[in-house]
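Novice: Chain by chain, the residues run as shown.
Protein chains: 2
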Amino acid sequence: MFRHVVLFTWAEEATDEQRDAVATELRALPGIIPEIRAYAVGPDAKVNPGNHEFAVVADFDGVEDYLTYRDHPAHQAVITRFIKPILASRAAVQFAC
Amino acid sequence: MFRHVVLFTWAEEATDEQRDAVATELRALPGIIPEIRAYAVGPDAKVNPGNHEFAVVADFDGVEDYLTYRDHPAHQAVITRFIKPILASRAAVQFAC
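For the protein sequence lines, the chains are A and B, in the order given. Each residue of the first sequence is one higher than the last, beginning at 1 in my numbering. Each residue of the second sequence is one higher than the last, beginning at 98 in my numbering.
Careful, some of the hints might be misleading.
Unchecked claim - Computed Cβ-Cβ distance ranges for the label pairs, DEER-style:
hint, chain 1, residue 1, chain 2, residue 2, range
1, B, G159, A, D71, 32 to 40 Å
2, B, P131, A, V47, 17 to 25 Å
3, A, A96, B, A125, 14 to 22 Å
4, B, M98, A, L87, 24 to 32 Å
5, B, P131, A, R37, 23 to 31 Å
6, B, C194, A, E64, 23 to 31 Å
7, A, V47, B, T177, 19 to 27 Å
8, B, A174, A, C97, 18 to 26 Å
9, B, C194, A, E12, 23 to 31 Å
10, B, G159, A, P30, 21 to 29 Å
If you're looking for bench data, these hints aren't it; they were derived computationally from the structure. Ideal Cβ placement from N, Cα and C applies to all residues, glycine included.
Turn these sequences into a full structure, and let the hints steer you where they fit.
Specialist: Here you go:
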């Protein structure tokens, strides 16, 4: 399995509606991109201080399927229209597991 | 399910042996902490530039089991002995999924 993990922080001025829209739009992607094997996204549970604010964990059969997802127009549209306008910082890792 | 995600970058002077030891030591934890339902750790695959260097994704039945893991002496020992000595930065999120 090949796993993609990305964590975001949002701009302070991001509204709740904008934050929620990221989750809603991302959760539509498994219905559009069949290479996605498992997909979990959500806001930080606020158990610990100092955390990032939002997580995406996406699983694929291999790196080629991850690249299909990464570059898919539907995914790129979510990044451009919903993530980048409120993005403050991003941390990511892809790893075999 | 309650998912814990953490991404690390390492100090430049960290050796390959030190980096590998983090994975080895963390991978022993599911045999020690029964609350862990799923556990995947590994170094970044270097597919994309600018990534963090190491990922941990741990799944639990709920937040209480995550807290048991977070505070477990075996986990804390790995943090103290293997992670902190080479840690440069850390990004984390816990989320319900």
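Novice: Could you tell me which of the hints above the structure violates, numbers in ascending order?
Specialist: Per hint list: zero violations.
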